[in-house]
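S.K.: Sequence:
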Amino acid sequence: MAKELQEIIQRCQFLDEENFKGEDYNLFQVAGQKCFEEGNIAEVLEIVQNEKNVVIIKNMGWSLIGPLLRCMLKQEQDDVERQYCMKILDKLVELCSAKELILGFLEQIEQASREQTSAAILLLLKSLQEALLKLDTKKAYSVGLSLSTILSQLSLLPIPYTKEQLQEDQHGLCQCLNALPQFVRPFVLEIVQHTEIISGGNCNDLKEELLGFCLKSLKHPLLMAELDPLPEEMAENPLRQFAAEIVRILADIRELFPQVRFQPACKSENWDDEDISEMDKQQSSDALACLTYIILVQDCFGVDCLPVVFNPSYILQCNMVHIRGLLKRTEEPVLLKGLALLENCLLRLENNSLFPQYLEFKGCITTPQDLVKIMTQCPFESLRKKSLKILQLYLDKFDEEGKYILFRCLLKTSNHSGVEGHIIQNIKNQIDLSLKREEGSKFFTGLQLISLLDMVLSLPEGAETDLLQHSDRIMASLNLLRYLLIKDNEDDNKTCIWTELYKIERNFLKPLHTGLNMSRAHYEAEIKRKKENKIAEPHSSKKTCSQLIAKAKMSGITKDMELQALHSAVFTFDLMKSVLARVEELIENKGCN
1 MAKELQEIIQ RCQFLDEENF KGEDYNLFQV AGQKCFEEGN IAEVLEIVQN EKNVVIIKNM
61 GWSLIGPLLR CMLKQEQDDV ERQYCMKILD KLVELCSAKE LILGFLEQIE QASREQTSAA
121 ILLLLKSLQE ALLKLDTKKA YSVGLSLSTI LSQLSLLPIP YTKEQLQEDQ HGLCQCLNAL
181 PQFVRPFVLE IVQHTEIISG GNCNDLKEEL LGFCLKSLKH PLLMAELDPL PEEMAENPLR
241 QFAAEIVRIL ADIRELFPQV RFQPACKSEN WDDEDISEMD KQQSSDALAC LTYIILVQDC
301 FGVDCLPVVF NPSYILQCNM VHIRGLLKRT EEPVLLKGLA LLENCLLRLE NNSLFPQYLE
361 FKGCITTPQD LVKIMTQCPF ESLRKKSLKI LQLYLDKFDE EGKYILFRCL LKTSNHSGVE
421 GHIIQNIKNQ IDLSLKREEG SKFFTGLQLI SLLDMVLSLP EGAETDLLQH SDRIMASLNL
481 LRYLLIKDNE DDNKTCIWTE LYKIERNFLK PLHTGLNMSR AHYEAEIKRK KENKIAEPHS
541 SKKTCSQLIA KAKMSGITKD MELQALHSAV FTFDLMKSVL ARVEELIENK GCN
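In full-length UniProt numbering, the protein residues as written are 1 to 593.
Treat the hints with care, as some may be off.
Said to hold, decoys possible - Lysine-lysine pairs mimicking DSS-like chemistry, simulated, CA-CA at most 25 Å apart: (1) Lys442 <-> Lys412; (2) Lys494 <-> Lys442; (3) Lys436 <-> Lys494; (4) Lys373 <-> Lys386; (5) Lys386 <-> Lys412; (6) Lys428 <-> Lys487; (7) Lys428 <-> Lys373; (8) Lys99 <-> Lys138.
As the list claims (entries may be wrong) - Across the chosen pairs, the derived CB separations fall in these ranges: (9) Asn178 <-> Ser382: 26 to 34 Å; (10) Arg384 <-> Glu208: 39 to 47 Å; (11) Lys442 <-> Glu331: 40 to 48 Å; (12) Glu332 <-> Arg529: 40 to 48 Å; (13) Glu168 <-> Leu145: 28 to 36 Å.
By construction, these hints were calculated from the structure, which means they are not laboratory data. In this text, a Cβ means the ideal position worked out from N, Cα and C, and glycines have one as well.
Construct the entire structure; sequences and hints are all you get.
M.R.: Here is the structure:
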């Protein structure tokens, strides 16, 4: 086939450029492809380098890109053949139309199989860059198209998470991401140099394309990636390096502050362009949230990038929209970023430094509810524990009135006994601090406190309340009541607890006493039936047991496990009754005095 290609070349050498026919292009492409398939690479290189063939290669050479890349991707290719291929590629970039080369390169990247995607990108990236730099017109559009195509193909590759996966880089994603910043660097420098002289339309277009590239990279893969540093004995995390490069690009093109980040009305919340789709809004919102996380939490760019005029409360306020967006997702890496970003913003603040006015900002009142949702519904135990820790941190940052508002809100909305028990413990701590101060507290002593205690010292369904399901809340409420009766002297009555006893007894203590007696009797009867009945029980009995034990699914477990659960329930009732008895004793002693 090298001979056939030579014949086509010889025939076309005598034709003017405008006389080339479609048939000539087809014959040239087929013959060139056969040469690569049969290993006649040296002959193709000789033809391409021949000065007599400049016009032919200039017009037809771009059609060799596909066959050339397929030849380069062959695993059995030796070093000499690879060098020949690289020389052919360099000559094509030198002679051919930049526009046709770019389209040819991008076509090959799009058509590459998943297994060859990264290899194809790495082989063509330098040549694609050179072709883009040759463009005089539509450079910005072509740069944007190239970056979009590359990122689109890379999004099909799995993201490595573990240290082993990052080091192995089986699919070449990390290699490609590390090569991309070098690819865009000349275009970044062009913007920087142009900005220093004068602002212009062409440069603004290029800037918009690079900004789009950065936002897409933040959305994928960085939003889903693990960006923590690797141990010192291992190499740097390549995804973390890529994140740092993205931040550096944004800083260089002057899109890091203030347009991209800290804005009270974030772009994701305030869009003026009606043509922007909801998907585009969400993608940009995710990208900006990821960017904020990288800068504040990972500090990939250095602390100097954070303007000193931004005080901690302002940073929290402006990033709340990003935090909310991350916390509403379900993917573990995204939730981790949301929790870490919120924790970072909170740790900048002094305890009791946030006024209740901050709760008027969008997200500040609902973020604790998002944390509760993670604490109670997230399948990852580590995230549930971290959410609880951050919820407490969040509560600690507000002053008394802010805490009071948050406590009421969480008691109304959490619908989870464990969370309610935690909030009641916080209320107890605040009352304790207030009682130790001479001036007391407007919110945790007196009439304001009574309003809060009405929510705490009550049973949702009276005596019919499922005591096991609400055990954490009930125990916390009993302990709070016992504390108040002991610590707040009846003569002082700073918490007004003594004047409210009649209502507490009616709404809480008496129904609880009745409920405990009923529940304990039910469970003891069930234990007796289980012990006496050695044969498999009928379905109705299992159903009854399932309903009693906190609606747990009892099918598929052993009789011993069922008995253990029943005894555990009875122990819980005994514990409640013990504290309840102590409360009633304190009240009775008051009546005797």
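S.K.: Decide, hint by hint, whether the structure agrees.
M.R.: Comparing the hints with the structure gives:
Restraint check: the Cα-Cα separation between Lys442 and Lys412 comes to about 21 Å, which is no more than 25 Å; the hinted pair holds. For the proposed pair Lys494 and Lys442, the alpha carbon gap of about 11 Å is at most 25 Å, so the pair holds. At roughly 11 Å between alpha-carbon atoms, Lys436 and Lys494 fall within 25 Å of each other, so this suggested pair holds. As the CA atoms of Lys373 and Lys386 are separated by approximately 12 Å, the hinted pair is consistent with the 25 Å bound.
The straight-line distance between the Cα atoms of Lys386 and Lys412 is roughly 22 Å, inside the 25 Å bound, and the hint therefore holds. For the hint linking Lys428 to Lys487, the alpha-carbon distance of about 11 Å falls within 25 Å, and the restraint holds. Note on Lys428 and Lys373: the hinted pairing holds, with a Cα-Cα distance of about 23 Å set against a maximum of 25 Å. Taking the CA atoms of Lys99 and Lys138, the gap is about 10 Å. The hint holds against a cut of 25 Å.
Look at Asn178 against Ser382: about 29 Å separates their beta carbons, and that is inside 26 to 34 Å. Checked against the given bound of 39 to 47 Å, the beta carbons of Arg384 and Glu208, roughly 42 Å apart, stay inside it. In this structure the supplied range 40 to 48 Å holds for Lys442 paired with Glu331, their Cβ-Cβ distance being about 43 Å. Roughly 44 Å separates the CB atoms of Glu332 and Arg529, a value that falls within the hinted 40 to 48 Å.
Separation of Glu168 from Leu145 is about 32 Å and conforms to the stated range, judged on CB atoms against 28 to 36 Å.
The structure fails none of the hints (numbered hints given earlier).
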